[in-house]
Each structure stands twice: as C-alpha cells, then as structure tokens.
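Enquirer: Given the structure of chain A, go ahead and fit chain B onto it with the hints provided.
Single-letter residue listing:
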Amino acid sequence: MMRSKKLTWALALPALALIFIFMILPITNMVEMSFRTPGSSEPFGDDYTFMHYTRILGDGYYWGVLWRSLSTAGIVTLLCLIVSYPIAWHLSRAKGFKAVFLYACIASPLMTGVLVRNFGWMIVAALNGPLNESLMALGIIERPLRLLFTQSLVILALVHVFVPFMVLPINNALRNIPQSLTEASASMGASRYQVFRDIILPLSFPGIQPGVILVYVLAVAAYVTPALLGGQMVSYMPTLIIGELTGTFQWPFGSALAIVLSVSTVLIVVLFTRLTWKLNERARA
Amino acid sequence: MSMAAKTFGGQRHVNLGFAVLIIALYVFLLVPVVTIVGASLTNGLMIEFPPQGLSLRWYQEFFARQDLVDGLLMSLRIGAITAVVTSAIAMMAALAGQALSGKLSGVFQLGMTLPLLVPELLTAVGLLFFLYKIELGKTVAGLQFGHILMSFPYAYVSISAALRQVPSSLEEASASLGATGWQTFRLVILPLVMPGLAMGAIFAFINSFDLYTISLLLKPLGGNTLPLALFDFLTYEFKPTAAAAATISIILSIAGVGLVQKLVGLQRAF
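Keeping their order, the protein sequence lines are chains A and B. For this note's numbering, add 1 to where a residue sits in the first sequence, where the first one is 1. For this note's numbering, add 2 to where a residue sits in the second sequence, where the first one is 1.
Chain B extracted, bound-state conformation:
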C-alpha cells in the first residue's frame, strides 16, 4: 500500500478528493430528509431549517387536524390491505415463476414487474377510465386495486429472490418422504422464505403509503390519503404541521427499512 502510494505521487490527493466527493454526494442524498425532520421540531411559527427552538407542538397540531389524521388513517388502512393481499398473490406467483423455465420464465418475470417499469402516470390515467367504465370510479375499492397493482412488483421481486435461495433438494426430499405439495409448502418452503415474504409485505406497504399520482387520479369521493392531504396542505397553508406529517411518514419508512435489515440484510434486499 505504502509502496503504491509512493509510486503514484498524486494518489493520496486523488483519494482525498474522492472521499470529499462521496461525502458531498451522500449529504445531497440525505439533506431533504434531515431538513424535514429538523423543521418539524421547530418552536417557531414558520417552516425553517435550522429550527427556532425545539418543541413537539406541530405534532400536537397535526393530530388536532381532522383532515390530516383522516388521511393518515386512510393511508394506513389501504397500505395494510395492500401488504396482505399483495404478498399472498406474489407468493403464489413466485412459486409459479420458479416452476417455469427458459424464455417463458423471462417473459413471466417481465410481466410481473410491469407496473414498476411503466410510468405510474400512464397506469393511473388508464385506470381512471377503466374504473369509471366498471363503475368503481371514485371509490375506495378502486383506489385499493390501484395500490395493490402498483405495489405488487416489490413484493414479487422480494419473495422470488427468497424462493431462489431454497435448495430444490429440500423439496424433493420432502416429497420423497411422502409429504403432499401443501405440506411441503407449509412445513418446508414457507418457513424458509418467511423473511422474504415479510420483506415483500413491508416494501408493498411503504410503497402504497407513498403513492401519489395514482391516488390523485383515483381519489375516492370525500377521501384523501396522507400524501394527497399533505399536498393540499402545502398549497394552501405552508406551516410546520406539514413537516410533522412528512416526518411521520419518514419514520414509518425508516422503521420499515430497519425491519428489513433485521430480517434479511439490506445487501440481499436489492
């Protein structure tokens, strides 16, 4: 190492320059999130960073605002249903995908991740017309279907990655010992893919919680998700309550990422 440093005269400067660059880039990545959390703790009347004194008054204000709390509750409810339904469907699809081979398998993978690859805007516009046609326009059920669709690829990718780690010999052994397909699934495969399944459910929940464009177009009458309520709030009143609302969703995301890390390790997650 020291030999190398001597041979390349400027290497140390290059390394230092690269380190500064990397730090600057990570600061860039984290700045908006840190700013929001900071601004939500202000004791002053305006959204600003660094905050003027520390307090939790804007969280109090948030929970006193019926429109924002309703939005939060609706997002939590839709996110929970999305997580459960999506991971069940994705578990089945991942089992099917594993059984396919060759070209068909590639097409299947692509199809399953389609909602992630096609811009949300197009799906949202299409769904707006389609739900109107089948008389689910402006209903909670319609919005729920949209969220399940948009979150499905996250669950599918996580679960099929976990399924690939299960050696097929285990399945064969279980079958040769006389277990039925269902018994093999419940007693052998399911326990092994459980972390991946949980990860898929968490990602589906977080994704649903954050969706904006599709919720805007499929918004049910008289109902708002938290991001929609937050956007309206930002347009009409620019107060630290918004920072508190945003921090609540950041905390949910961090908790989710932390949980995934605990269950499977992030490196394997992506």
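So here's chain A without its partners, still in its complex pose:
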C-alpha cells in the first residue's frame, strides 16, 4: 500500500514477462500454426489454409478419437468425484496429528510424478500382479484378467492422478460449513441422509464445481497415462497430437488437432457451468 505504483509493476514485471513470453505468445503462435500449409523440408509451410480443420472435421476417425477423449475424461471426472467426496468429508473432520497424516497421504500422490504413479499401476495390474492375485484369492475371478493396455486401466490410473485436485477444493468448501448448521438440523429431527442431501451437499457445491472443471480439463489433455497404459491399439487426442508433432513432424496438423480439442473442452466447461449455475447460487444464498 505504501509502495509506489512504479515499484509494484517493477516487481511484477519478471513474472508477467515469463507468463507472457513463454505461455501467451506460444499459445497464440499455436493458433497461427494451425492455419499454415504443410511443409516439405520444414515442419510447416509459408502459406495459410483451412485444410487441416476441414480434414479433421470431415473425417469420422478424428470425431471418434475426439469422442473417446471427451467421454473418457467425463467418466474419469465422475469417478473422481465419487472417490474424492468421502475422502474430503473425512479430511474436513480430522484434527491435529491425524489431519496432518491424512494430508500427507493425499499430498504424496500429488507430489509423486504422474509417470511414476502410472508405472505403479502397471505392476499392480500385471497378469500375475497383486490385483489379479487378490481377486482370485477372494474367488471373484477364476483366471487372471488382462488389465494392462485397456481403457479401464487408463481410467483407473487417471482417477488416481486427479483425486487430490478434487479433494482439496471440496475439503475447503466443507470446512466452511458451520458445524452449528448440521447440528441444528439434526436436533430438529433430520436424519443423517437428510442433513447430507439438504445441507452438506448443496453447501459444498462451490468446492465441487471448480474441482470438476479442473479435473475434466486436465483429464482431457492428459498424455502420459494413455501413452503408457493405453497400449498401441487405442488412440486418444493427446497421443495423436504428440504423434503428429514428434513422429511425423506435421506441426500445422498437430496444432489444428490441439485447437479442436481445446475448443471442444471449453464448450463443455461452459455448458457445465451454465447448467450448474443455479446450484452454485443456491449455495451462496
């Protein structure tokens, strides 16, 4: 407050430059790249064209991959919410050393690389791995299941990757609900289920909404998990995009794919925000 305006902007300058030069400019650059003609010796040509977009939108194959990416991310987000909500609730009630321990359990996957965690699932889901062994020991299956390189394993691993991103905002929202409110309604004869449905769930919505959006956006564009656990048979948009950029060096076409993916994601997020706007307003009231 006492610092001069000039000093404030001088202090902000390096960070603003970092984000402008190495993020805003490059992403703008990518938009431009998607309209370039393909190059012969270089990764892109000199002229501009719409051909990459017409090619993507006119080809059922790309629609299929886009749908697979968008729907897989939807399933991941939903499962993530189901898994995260009880954890967030439990965490919001914990105090003292227990709370610290639980935070560490949730933060340690967040702090371990995605690649490392996915590799862990490779071992767990192997043909003679612990998951198959325990399912057989429990008599649920007779022969080991082939889990590696299936869509189910990709979904499982992605849910695991994004749980912390969902738990933390919901936990914050739950902590903001005054305990007196739930106690009051319980003392007035509401059952546990009613308290949850009518008070806790609606009031935690301001945490659910950002969690859902963040997880969806990140899940749509996740590359490592489908690349490592998805196998060669199925493509997702991110693996396709990186393939175009590093394998075949079709930079303009790869950019167009990335833009189609981003625009679809933004549309879905906008739609979701519109649909859930009322729920959020109700929580604020």
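Just so you know, these hints were derived from the structure itself, not from any lab. Don't be surprised by glycine CBs; every beta carbon is placed ideally from N, CA and C. It is possible that some hints are incorrect.
As the list claims (entries may be wrong) - Here chain B is said to cover these stretches of chain A; the calculated rule only asks that three of the stretch's residues, wherever they fall, bring their Cβ under 8 Å from a Cβ of chain B: (1) 15–28; (2) 86–100; (3) 117–131; (4) 216–222; (5) 243–249; (6) 256–267.
Expert: Same frame as chain A, but now just chain B:
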C-alpha cells in the same frame, strides 16, 4: 453420543461402513507408490509385487546405468535452477500482488496461476513452436524456461499465502521508524515469509522433477530428464531397475513433503 447411537438404530453400522470405505479409498491412493517401493527391493529378475526376497541389487544396477544416471543428474540440475529462479520471481510477484486491490488483484492472481490451469499439453505444444522460432529449440535453455514456467504457480501460491500472514502494521511500523523499503523487506518481511519461500522452492523443485509432457516436446538433443529416461526404459526393458529409479523420485518427493510439514505444517500448505 451413546444416546444418539440408541436413537439411530443403524448408526453404528453406518459408521463402520464409512470407516471401511475410507480405508479402502486411502489404500487406493497409496497402492501404486507402495507397490513400486516394494518391487524395487526384489532379489528376483522380474518386476513383481510382493518382491522375491530382499536386496538392493537393482539400485546398484540403476547407478551402473549411464543413461538413467545422466537423466537423474539432468533432472536434479534443472530442478535446482528452477527452484531458485522461480522462487525469486515469485517472491517479487507476490509482493506486487499484495499491493494490488479489487478487480485487478483477481486478474493478477489468475494470470499468475495460468500455467497450472491450462493443460500442460497446450503449453508444451506452443512452446515447441515458439522456442524453434527464437532458435532455442532442442536446447537445455529452452527446456529450462519451460520448467520455470510450469513450476512458477506452485511457488507463487505458497509465497503469497505466507505473505498474507504478515500483518501490514509491522511494515508500517518499520517504515515509520525510518527504514527504507529494502530494509523493511530484508529485516521484517523476509524472515517472516521464509518458511513460505522455502516451501515454494521445494514445490517448484518437485514439480520440475516430475514434469513429463513438456520435457518430451522440448527435449534437448542428446539429453534426457529422469522421467523421459524412465519411460524409454519401461518401453524397451521392463526390469526392476525401473522400480529403483521410480523409488528414488518417490523418496525425493516424500523428503520434500516432510520438509514442508516441518517448515509450515501441511494443512496451511494447501
């Protein structure tokens, strides 16, 4: 409590069911990490869990593999530079952010966390073209810039949270006693935000150490970070050496989380 338990007949069952559910969910969270650490200690020739006998032979094997060790060294070097540069820039930006108010402050916060909110894939693709254009394509410097950008929000969020805890009256008192802005910063603010600053640096380091997609696209000629080397290793040879490599990065993360806990307490960290 006992009264309540009597009134709601099934409550005890509900509580028990919830406890089982919570335990199952935490097991789910920790399973991959535990499995890797276990598998890295095997004495057998294959990646498996539970391990066949215990030994450290695969760690020996890891340190004998030039490609993996080079990857580890490169990740450590890039992570260290990222931590130092990022926390310095983020400290300055946090001071600036604190001075802003109203709508501008909200926009500024959003801008500073942008690299975290936009998928890494898009940033990586954009940077690939941009670095090529400014002739930093496939260089260590280019990769370093990418890592600094991607780790910046973690440092910024930690440091500005710590800065918010410093009462502005302290700053005013220091100024009214005749201290210059720099003296106030160095003698009053810096010591108070030190834990937050350290936490920001640690988070930036861990994040840089784990980045994959951006490193894949900006990979310098002839250089690999540890995650890149590990991915290649997993594709061509599926041996417990990989579990040892992964365990080394898990240990680094746990050490980081432990350090943050020691410095500030985890609850305040998130």
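Enquirer: A separate judgement is required for each hint: does it hold in the structure or not?
Expert: Hints, verified against the model:
{"no.": "1", "hint": "15–28", "in the structure": "holds (count 10)"}
{"no.": "2", "hint": "86–100", "in the structure": "holds (count 4)"}
{"no.": "3", "hint": "117–131", "in the structure": "holds (count 13)"}
{"no.": "4", "hint": "216–222", "in the structure": "holds (count 4)"}
{"no.": "5", "hint": "243–249", "in the structure": "holds (count 3)"}
{"no.": "6", "hint": "256–267", "in the structure": "holds (count 3)"}
The earlier numbered hints are all upheld by this structure, with none contradicted.
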